[in-house]
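Protein chains in written order, with the numbering used here: chain W, 435 to 991; chain X, 2 to 221.
Just so you know, these hints were derived from the structure itself, not from any lab.
Honestly, I wouldn't trust all of these hints.
Calculated lysine-lysine pairs in the DSBU-like style (CA-CA distance at most 30 Å, straight line) [as the list claims (entries may be wrong)]: (1) 9/X <-> 635/W; (2) 184/X <-> 961/W; (3) 9/X <-> 679/W; (4) 961/W <-> 64/X; (5) 980/W <-> 185/X; (6) 118/X <-> 679/W; (7) 756/W <-> 783/W; (8) 961/W <-> 118/X; (9) 978/W <-> 9/X; (10) 447/W <-> 974/W; (11) 118/X <-> 974/W.
Example chain W residues on the side facing chain X (calculated, C-beta under 7 Å, incomplete) [said to hold, decoys possible]: (12) 548; (13) 680; (14) 684; (15) 746.
Cβ coordinates follow ideal geometry from the N, Cα and C atoms, glycine included.
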Amino acid sequence: MGHHVDETASFYKATHTVFGHHESKFLQWIFTVDHKRIGILYGIVMMIFFVVALGTAGLMRYELMAPGADFFTPAGFNQAFSLHGIIMIFLFIVPGIPAIFGNIIMPLMIGAKDVSFPRLNLLTWWLFLAGASIALYSALSGTGFADTGWTFYAPYSIKTDTNVVLILFAAFLLGMASIFTGLNFVVTIHRLRAPGMGFFKMPLFVWGIYSTAWIQVLATPVVGITLLLAIFERVFGIGIFDPTKGGDPILLQHLFWIYSHPAVYLMILPAFGVISEIVTTFSRREVFGYHAIALSSASIAGIGYLVWGHHLFSSGMSETAKIIFSFLTFFVAIPTGIKFYDWIATMYKGSIVMEAPMLLTVLTIITFAIGGITGVTLAAIGFDNQVHDTYYVVAHFHYVMLGGVVFMLFAGMFYWFPKVTGKMYNKLSANISIWAVFIGINFLWMPMFFAGYLGMPRRYFDYLPEFQIYHQIAGIGAVLVIGSLLMMLWNFIRSAKNGEECGENPWNGTTLEWHLPSPPPLGNFAKTPYVDFRPYEFEKGEPKVKDVYQDTKKETK
Amino acid sequence: MSEIIYDKNNNAHEVTDFNDDVEGARQGMWLFLFTELMLFGGIFITYAVYFFDFTDDFVQASKNMNLWLGGLNTVILLISAGCLAMSVVFMKANKVLESKRFLLATIALAIAFIVVKYFEWSAEFHHGIWPDSPTLRGMSDGANMYFGLYFTLTGLHGLHIILGIVAMFWVLGKVNNGEINAKKFIVLENFALYWDYVHLVWVFVVPLFYMIGLSTGGAH
Ligand code: HEM
Numbered sequence: 435m436g437h438h439v440d441e442t443a444s445f446y447k448a449t450h451t452v453f454g455h456h457e458s459k460f461l462q463w464i465f466t467v468d469h470k471r472i473g474i475l476y477g478i479v480m481m482i483f484f485v486v487a488l489g490t491a492g493l494m495r496y497e498l499m500a501p502g503a504d505f506f507t508p509a510g511f512n513q514a515f516s517l518h519g520i521i522m523i524f525l526f527i528v529p530g531i532p533a534i535f536g537n538i539i540m541p542l543m544i545g546a547k548d549v550s551f552p553r554l555n556l557l558t559w560w561l562f563l564a565g566a567s568i569a570l571y572s573a574l575s576g577t578g579f580a581d582t583g584w585t586f587y588a589p590y591s592i593k594t595d596t597n598v599v600l601i602l603f604a605a606f607l608l609g610m611a612s613i614f615t616g617l618n619f620v621v622t623i624h625r626l627r628a629p630g631m632g633f634f635k636m637p638l639f640v641w642g643i644y645s646t647a648w649i650q651v652l653a654t655p656v657v658g659i660t661l662l663l664a665i666f667e668r669v670f671g672i673g674i675f676d677p678t679k680g681g682d683p684i685l686l687q688h689l690f691w692i693y694s695h696p697a698v699y700l701m702i703l704p705a706f707g708v709i710s711e712i713v714t715t716f717s718r719r720e721v722f723g724y725h726a727i728a729l730s731s732a733s734i735a736g737i738g739y740l741v742w743g744h745h746l747f748s749s750g751m752s753e754t755a756k757i758i759f760s761f762l763t764f765f766v767a768i769p770t771g772i773k774f775y776d777w778i779a780t781m782y783k784g785s786i787v788m789e790a791p792m793l794l795t796v797l798t799i800i801t802f803a804i805g806g807i808t809g810v811t812l813a814a815i816g817f818d819n820q821v822h823d824t825y826y827v828v829a830h831f832h833y834v835m836l837g838g839v840v841f842m843l844f845a846g847m848f849y850w851f852p853k854v855t856g857k858m859y860n861k862l863s864a865n866i867s868i869w870a871v872f873i874g875i876n877f878l879w880m881p882m883f884f885a886g887y888l889g890m891p892r893r894y895f896d897y898l899p900e901f902q903i904y905h906q907i908a909g910i911g912a913v914l915v916i917g918s919l920l921m922m923l924w925n926f927i928r929s930a931k932n933g934e935e936c937g938e939n940p941w942n943g944t945t946l947e948w949h950l951p952s953p954p955p956l957g958n959f960a961k962t963p964y965v966d967f968r969p970y971e972f973e974k975g976e977p978k979v980k981d982v983y984q985d986t987k988k989e990t991k
Numbered sequence: 002m003s004e005i006i007y008d009k010n011n012n013a014h015e016v017t018d019f020n021d022d023v024e025g026a027r028q029g030m031w032l033f034l035f036t037e038l039m040l041f042g043g044i045f046i047t048y049a050v051y052f053f054d055f056t057d058d059f060v061q062a063s064k065n066m067n068l069w070l071g072g073l074n075t076v077i078l079l080i081s082a083g084c085l086a087m088s089v090v091f092m093k094a095n096k097v098l099e100s101k102r103f104l105l106a107t108i109a110l111a112i113a114f115i116v117v118k119y120f121e122w123s124a125e126f127h128h129g130i131w132p133d134s135p136t137l138r139g140m141s142d143g144a145n146m147y148f149g150l151y152f153t154l155t156g157l158h159g160l161h162i163i164l165g166i167v168a169m170f171w172v173l174g175k176v177n178n179g180e181i182n183a184k185k186f187i188v189l190e191n192f193a194l195y196w197d198y199v200h201l202v203w204v205f206v207v208p209l210f211y212m213i214g215l216s217t218g219g220a221h
């Protein structure tokens, strides 16, 4: 504490660290307790793993261009989809938007100086890094990466001789990181909102993060214990999931999905939050149905707990349980539908500005709707029995996760990039890559609905010749998607250096982060604003409240 | 020195300082306990499922437990939770020395718990009972499940006790250097919450593992 740190300097220039005062820039970064830097640290690690998982996906698609084993051995293919799935889920999309934008933007949006527990926040990043390193190590050592798929179903996961224990432990650490992030965010949102900001004056992104944080706190430990039990099963042979000792392997599936289905909402709710921000900013209109959107996030989080059984329709479950789970699953579609209509109503008669974030958001609404509606078809028990474990399901969840969450993560990157770096991305490159990724995803996954419906099973390196045409179209799509995602990343890397200065508020946004300089100063608000206005007040297409921004500017100059 | 800001009508509002937010710290601890509840809840649910499947085997297997040692540990934890509560009470009353003594007593009792547990497990190992042991494999499926859950649950609980002991030494250090004092004792208070929780888990473990064998006519 001894030395003086300039709170008004850009957070790239000055920082607080967890201990001591470091000359080295590198140490200043990895020991920082500043929420903005931690968000960036998360972003960097996640993106590295994202590229690895994309590469694996590319190789799988390459393998699938023709029937027969051309590139992978059959066992190698099993490891490849497991690696791809596990990285995408546990290292990328679950930490995802909360770890990056929840950290960087949420405290700015509520007018806070940091999160409630900054040191705990840094600890979560270290746990995340530890988990990621163990995952990587397990791929490179001994018998190689797990070949269980990302779901670790018993009894196979307790029998296979690949490095399952390591990856289970890695996932456990990642779960801890997620729990503590959620805990931190709940307390931050309860305690550190600027005076005057009641719950219903919070931006909708904060609502999304808030609902998500509760899921992180309450659902993640269930998968934590499941992973531990699976580890004990392998190491000590306790027998809980082992049918030869009286154990019930289906129990692992139940416990797994009690977490992992809420986790699906944990992925999508922050993405919905980003959509709400972008749609209102670029429609220059107050959001339609603020309360409905805010509360639907909360109710999705609630109902999301009660639907896990729909992953087990064909695993052996009583008919009554099936019908209840099916009904509840249809039920979750309602709050989601409400959000969609609210966004469209917001755009209606708005003066829409088609900047890159908005373009990607509008396209995402289409792709997510495809994923969502096919999801509703899967909730019908009869239909699910036909397409269960086929590419129909794989196409459904890629439309939702890639075409919903990942797209929105990138839309969020376009949206907040100017705020975080103070620079503008290359707009032409952005628009090209966005159209390419949209066309690409439809080439990549649309044919797979048909292939799956006709009986192409998932998790196979091989297939009957009649499916080749579908896989080849998908191959073209994969090239487009992977290429355009890399193009976006490249755009960010280059523009962070050479982009044009963008000023405080390039989008005419209304929420509090746009009242700050870009990049924000270390201490965020030199003077905490008093929030006696709603989050999205526009007047003739201009943000109505500007005082906060001017006050702050005076203080920080 | 907290920041004060003014609204349009010149009313003053205090800005919560995250560095010094007792209420925030308390909420954080409660959320952590919710998490812990869900974690142990996963095992208790598993227990419920297998108890339903293998009721008789469970009751039979429970007769192998040493009810006296389980009971002794219950008493130890109960007293330790009381000691820690006293430690908080004395700290609030600015009687640091007394507070410290009760904290030390809690540490001693926690260690005693682990020692008893050690003897209990040793006795079971001595009878050839450990996960996947030949003896256990020769017993019924239900007994296997019972002991699998027993070792998992008491092991995880024991780990919580051990981490608690480590944490108590850390808390003790903070008391010694004055970071915990009559005005700022949230860390001590939060730890007491944790300890109550660990104690509470044990209160459920005892009937589920030690006492279910009693109802059918006691030990033989
Ligand atoms: C270029 C983009 C992508 C391509 C080409 C791709 C391709 C694939 C392929 C070929 C499979 C194997 C399907 C099977 O045989 O069952 C797969 C599985 C999977 N993918 Fe992707 N994927 C992409 C992006 C993503 C993203 C962004 C996510 C999530 C964030 C994701 C999550 C998963 C999961 C969870 C699995 C299931 C793994 C398992 O079966 O255990 N993928 N993907």
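Residue 980/W and residue 185/X were given as a pair; does the straight-line alpha-carbon distance stay at or below 30 Å? Violated. Residue 980/W to residue 185/X sits at ~40 Å, over the 30 Å cutoff.
Given pair status - residue 64/X, residue 961/W, alpha carbons within 30 Å: 67 Å, violated
Do the alpha carbons of residue 447/W and residue 974/W lie within 30 Å of each other, as the hint requires? 37 Å, violated
Check the hint pairing residue 756/W with residue 783/W against an upper bound of 30 Å on the C-alpha distance. Given pair residue 756/W, residue 783/W is violated - Cα atoms ~43 Å apart, limit 30 Å.
Tell me if the straight-line CA distance from residue 118/X to residue 679/W falls inside 30 Å. 26 Å, holds
Residue hint residue 684/W, partner chain X, criterion CB-CB below 7 Å: 10 Å, violated
Would the hint on residue 548/W be counted as holding, given a Cβ-Cβ threshold of 7 Å to chain X? 6 Å, holds
Compare the distance between the alpha carbons of residue 961/W and residue 118/X with 30 Å, and conclude whether the hinted pair is satisfied. With a Cα-Cα distance of about 56 Å, the restraint between residue 961/W and residue 118/X is violated, given a limit of 30 Å.
Run the distance test for residue 118/X versus residue 974/W: straight-line Cα separation, threshold 30 Å. 72 Å, violated
Closer than 7 Å between Cβ atoms is the bar; does residue 746/W clear it against chain X? Give me holds or violated. 14 Å, violated
Given residue 680/W as an interface hint, is the shortest Cβ-Cβ distance to chain X below 7 Å? Because about 3 Å separates residue 680/W from the closest Cβ in chain X, which is inside the 7 Å limit, the hint holds.
Holds or violated: are the alpha carbons of residue 9/X and residue 679/W at most 30 Å from each other? 71 Å, violated
Going down the numbered hints, you'll see the structure goes against 3, 4, 5, 7, 8, 10, 11, 14 and 15, while the others check out.
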